[in-house]
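Q: Residues per chain, in single letters:
Protein chains: 2
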Amino acid sequence: MSKNAKIRDEARAITAKPPAVILCEPQLGENIGTAARAMANFGLVDLRIVNPRDGWPSEKARAAASRADHVIDKVQVFDSVEAAIADLQFVFATTARSREVPKPVRGPDEAAKKAVELGETGSATGYLFGRERWGLNNEEVALADEIVTLPVDPDFASLNIAQAVLVCSYEWRKTASSGALPFILDEEEHPPAKKEDVLRLFEHLEGALDKATFFRPPERRPHMVRTLRNIFQKAELTEQEVRALRGVVASLEKRETRARKEKAEKNSDS
Amino acid sequence: MSKNAKIRDEARAITAKPPAVILCEPQLGENIGTAARAMANFGLVDLRIVNPRDGWPSEKARAAASRADHVIDKVQVFDSVEAAIADLQFVFATTARSREVPKPVRGPDEAAKKAVELGETGSATGYLFGRERWGLNNEEVALADEIVTLPVDPDFASLNIAQAVLVCSYEWRKTASSGALPFILDEEEHPPAKKEDVLRLFEHLEGALDKATFFRPPERRPHMVRTLRNIFQKAELTEQEVRALRGVVASLEKRETRARKEKAEKNSDS
Chain A
1 MSKNAKIRDE
11 ARAITAKPPA
21 VILCEPQLGE
31 NIGTAARAMA
41 NFGLVDLRIV
51 NPRDGWPSEK
61 ARAAASRADH
71 VIDKVQVFDS
81 VEAAIADLQF
91 VFATTARSRE
101 VPKPVRGPDE
111 AAKKAVELGE
121 TGSATGYLFG
131 RERWGLNNEE
141 VALADEIVTL
151 PVDPDFASLN
161 IAQAVLVCSY
171 EWRKTASSGA
181 LPFILDEEEH
191 PPAKKEDVLR
201 LFEHLEGALD
211 KATFFRPPER
221 RPHMVRTLRN
231 IFQKAELTEQ
241 EVRALRGVVA
251 SLEKRETRAR
261 KEKAEKNSDS
Chain B
1001 MSKNAKIRDE
1011 ARAITAKPPA
1021 VILCEPQLGE
1031 NIGTAARAMA
1041 NFGLVDLRIV
1051 NPRDGWPSEK
1061 ARAAASRADH
1071 VIDKVQVFDS
1081 VEAAIADLQF
1091 VFATTARSRE
1101 VPKPVRGPDE
1111 AAKKAVELGE
1121 TGSATGYLFG
1131 RERWGLNNEE
1141 VALADEIVTL
1151 PVDPDFASLN
1161 IAQAVLVCSY
1171 EWRKTASSGA
1181 LPFILDEEEH
1191 PPAKKEDVLR
1201 LFEHLEGALD
1211 KATFFRPPER
1221 RPHMVRTLRN
1231 IFQKAELTEQ
1241 EVRALRGVVA
1251 SLEKRETRAR
1261 KEKAEKNSDS
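Protein sequence lines, in the order shown, are assigned to chains A and B.
Residue 1 is where the first sequence starts when you use the working numbering, and the numbers rise one by one after that.
Residue 1001 is where the second sequence starts when you use the working numbering, and the numbers rise one by one after that.
Below, in silico cross-link-like pairs of lysine-lysine (DSS-like), each with a Cα-Cα straight-line distance of 30 Å or less:
#1 B:K1234 x A:K17
#2 B:K1113 x A:K194
#3 B:K1211 x B:K1254
Take a look, some chain A residues computed to stay more than 12 Å from chain B by CB distance:
#4 D46
#5 S80
#6 R216
#7 F232
Covered stretches of chain A (in silico footprint by chain B; criterion: 3 or more residues with CB under 8 Å from a CB of chain B, positions within the stretch not fixed):
#8 7-21
#9 32-38
#10 148-158
#11 169-178
By construction, these hints were calculated from the structure, which means they are not laboratory data.
From a predicted model like this one, the values you see are computed outputs, not experimental measurements.
Every residue gets a Cβ at the ideal spot worked out from N, C-alpha and C, and that includes glycine.
Make a model of the complete structure from these sequences and hints.
A: Okay, here's the thing in structure tokens:
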């Protein structure tokens, strides 16, 4: 898979057992599928459904899952929330509104921390999500250990369930992988320039500007030099970029670059 | 709005200017709508579209936005990415794969930190999202200041654009609001019990168990007492829960509660 050849090992180094996702009485197969895809994006695989309105299996769910077949194929269907969470050891109930239930309320990031800690010891955890229209009832929330809610805009708080699954899954993987991204700026391929080379670039540029009598009046030179050097310092130049800029300056001052000179010499030799 | 009466002020106290979201050549109106809804969930309002395949306005987008009409009504359409980002001061390009472009690569959390810092000073920032099928091309990525990618499972990395918009919007609001949740465990309504009341509960329970000769052999009493006390300590009981447990113990030891006794006395008076 050449496409994945550059993927960093850190992005795969996850040891915590991923949480289960339990959807309580979802109405639309599309939502089940989109939730499955969101889980797959972040390495979750255990999807459980309590009384799906349109039955199971669902072709709409499979289509919406967009090739997350490994999640769809393993879906378990239950006839009660109690049965769906029976083998789990710690359960979060997700809800978008305040409850009478006196239970700790966590953000998805805090919940992920707890889920990863437990998952690291092999404990089985799960996130319980409510119905599209009205979420979970208080008895269902009471079955959970803690409540998870999202830091939404209170005036537009209604989240699609697949979106809620996505944010919880994202936070879980971010925590479990210590935020390791699949790729980063490749410093081997783009090594940062050595200060020596950057200074030589500055001197080259400033020399060229001296010749072009750019610094006028001359007493402003130190200030302008600082301004210019600062611009290129901020750019955190790579070796390759320093070479490119040397070429730019040489070209603008219409001076022959070493490469051209060598080529010219080589041509005159032959 | 009684529904929102309990919303915490902290969840609304956001001073940073929210970033714009720029969708580059989206094909499906549904995706535009779902992206608009995700933005609205986290308080983003400035949606810009570059060459939407099916034109604009789009009824499909409005339906999928699920009442995020304030976002849909203000959508701006452009015929180039350059035009769409012209008034912005810092732009993130989102991409799911490594690029030749030597640009810093950030997670959505790091990007949010930068976007909020800039937004606090009133600077205009934006997140650029690519096409459903193949994202952004290298020229488009080069227009941005930094790259954002998500800590996905490298083996299932393909995110729906609305999902990518959601995660970036979520991280932005989380950072801008310092993670303030719309509601938390209401400690005014559920005040934690005073240690004095918890100790009285313990003594009540242990006294009842003494009478029932639960502690056998007696030398195991100290160990069992510690175990029981620890269970209830972990539960971080509220005042109300301590009262409920006192009632439970009284009921099990078949002793009259004070309330019943008073009622009985009152009845005998009349």
